[in-house]
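**Student:** Sequence:
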Amino acid sequence: LENEMWNCWNSKKYTVCLHVGSRIRHLLDEELRLLSEKPCSVRLVHYQNFTTVVSLLRASTVLAQAFEKLKMYDKANAEFEYLISINCQFVPAHRRSFWYERAILNYGRHLKLPKKAYELALDVIQDDTFDYYFRQRIYDRVLQMNLVGEDCEKQLATNIQAALDETIEIDVEIPEKVISAPLLSKSMGTSVKTVFVVPQEHQFSCPGVEAVALNYYYQKENFSKGLHSEGSIWLALFGLLCWNEIYDSTVEDVWISRYQTYPLDLYAGEMFWINRQKTFEKKFETLQCLSVQDIQSMLRASWREHEGINSIVKWDAFESSEMFEEMLSCMDGHMLVKLFGRLASNFKRHSSGFPDLVVWNVQSRDIKVAEVKGPGDRLSWKQKAWLSHFIKSGIHAEVCLVKGYSSKALSTTAVNATLSCGRKRAHSEGEDIFDNHE
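Each residue of the sequence shown is one higher than the one before, starting from 11 at the first, in the numbering used here.
No lab work stands behind these hints: they were computed from the structure. Please note that the accuracy of each hint is not assured.
Stated by the list, open to error - Mimicking BS3-like on lysine-lysine, the simulated pairs with C-alpha atoms at most 27 Å apart in a straight line are:
| # | residue 1 | residue 2 |
| --- | --- | --- |
| 1 | Lys187 | Lys293 |
| 2 | Lys230 | Lys22 |
| 3 | Lys81 | Lys48 |
| 4 | Lys402 | Lys187 |
| 5 | Lys235 | Lys292 |
| 6 | Lys230 | Lys383 |
| 7 | Lys394 | Lys383 |
| 8 | Lys324 | Lys187 |
| 9 | Lys85 | Lys125 |
| 10 | Lys392 | Lys235 |
| 11 | Lys22 | Lys81 |
| 12 | Lys383 | Lys324 |
| 13 | Lys358 | Lys348 |
Make the full structure from the sequences, and use the hints.
**Tutor:** Okay, here's the thing in structure tokens:
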């Protein structure tokens, strides 16, 4: 049934999803009844994903989303609230998070019931079984929806803030840099909101905001190499240097197929660390004692041995190990241990939120990470937490705010004739177009 539901969803047959969903609801109710009478003995979180109940919960989530696609938001929320009400050991935390977030969004934005949105938000924020970053994101989302008004009790908003008073704070100041670059003229049309323009010889390009920032770091801060990779480069470093620890075949109950991309407990919260604590601690001690050259040699050997194997390393994103070796020349073992320690402690929580860019200069041994934000963008709490952690690990980190200004020198005819739009990762030589406002 789950496969049938997914096939309908992928074919955009949302009405058919509703018919499949009625059968799924019947089976789910029956499975939950049986579980209440005789609890299941599956004890490992990462095995629960393979149970009938979780399969039906996934399919029921698709049913609720099908209602959303059909703009039947009241029925979508009825489904989400039914799922939220299920008291079962097998309900995955990330599923509950998703159900709550969608229900809050539907109440606030589509059904125009702001008080209901606030009440659900308060349930989330006061429930410490939810991840801290999710609770903070829900609070931020409610603020963004601007729901405070006569229909919302002021005390409710006060309670939401009070519920967060004792949570973790970002305990270092995160630097901000403001740069500006020319924007495509509004006369080009109203369908594109913000398009940055980089003049080049005989043509213009329209890079993404991250490429604009990369050009700035090359031109203004003397960085020679860089990459817009978000987390992929850091996860690859973690995978290459801690391969034996991550893919330890002696860990029980996490390997069921030789074709697995990762062990079953990788996304099982703290269980991943608990199962490998001793081996990770030994690896971290080793990394702190090795020279940069030794760490580079370790990475080269790991690359040669494991290249192309399904893993957390996205091999097709990197041509060779050379880029990693250059980065490592600007770091030391202590920095790596602090970064890897955070990933290993709870990979599921910390494997997202990395800064957009990493730039480095091998000659000066300088390295920096930057989260790039364009007009109207905001930092998430996961992004703030990673920037803070990079700073505490001894790596320069900052937020790069890219603002646009109108460029009257760009004619409509010239731009239309030679415009080349798209996100660029590599640096392109061009005019010095940046104004810096540190």
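**Student:** Would you mind marking each hint as holding or not holding in the structure?
**Tutor:** Right, here's what the structure says about each hint:
1. Proximity of Lys187 to Lys293 is assessed by CA-CA distance (about 36 Å); at most 27 Å being required, the pair is judged violated.
2. Annotation: proposed proximity of Lys230 to Lys22 is violated, straight-line Cα distance about 48 Å (limit 27 Å).
3. For the given pair, Lys81 sits about 39 Å from Lys48 by alpha-carbon distance, which is inconsistent with the 27 Å threshold.
4. For the proposed pair Lys402 and Lys187, the alpha carbon gap of about 19 Å is at most 27 Å, so the pair holds.
5. Of the pairs offered as hints, the one joining Lys235 and Lys292 is violated, with about 32 Å between alpha carbons and a cut-off of 27 Å exceeded.
6. Taking the CA atoms of Lys230 and Lys383, the gap is near 18 Å; set against the 27 Å cutoff, the hint holds.
7. Under the criterion of a C-alpha separation no larger than 27 Å, the hint pairing Lys394 with Lys383 is consistent with the structure, at around 13 Å.
8. Pair hint Lys324 plus Lys187 does not hold up; C-alpha atoms about 30 Å apart against a cutoff of 27 Å.
9. The straight-line distance between the Cα atoms of Lys85 and Lys125 is roughly 18 Å, inside the 27 Å bound, and the hint therefore holds.
10. The suggested pairing of Lys392 with Lys235 holds, with an alpha-carbon distance near 26 Å, which does not exceed 27 Å.
11. With a CA separation close to 14 Å, the supplied pair Lys22 and Lys81 stays within the 27 Å bound.
12. Straight-line distance between C-alpha atoms of Lys383 and Lys324 comes to about 25 Å, which keeps the hinted pair within the 27 Å bound.
13. Taking the CA atoms of Lys358 and Lys348, the gap is near 17 Å; set against the 27 Å cutoff, the hint holds.
Of the numbered hints stated above, those contradicted by the structure are hints 1, 2, 3, 5, 8, listed in ascending order.
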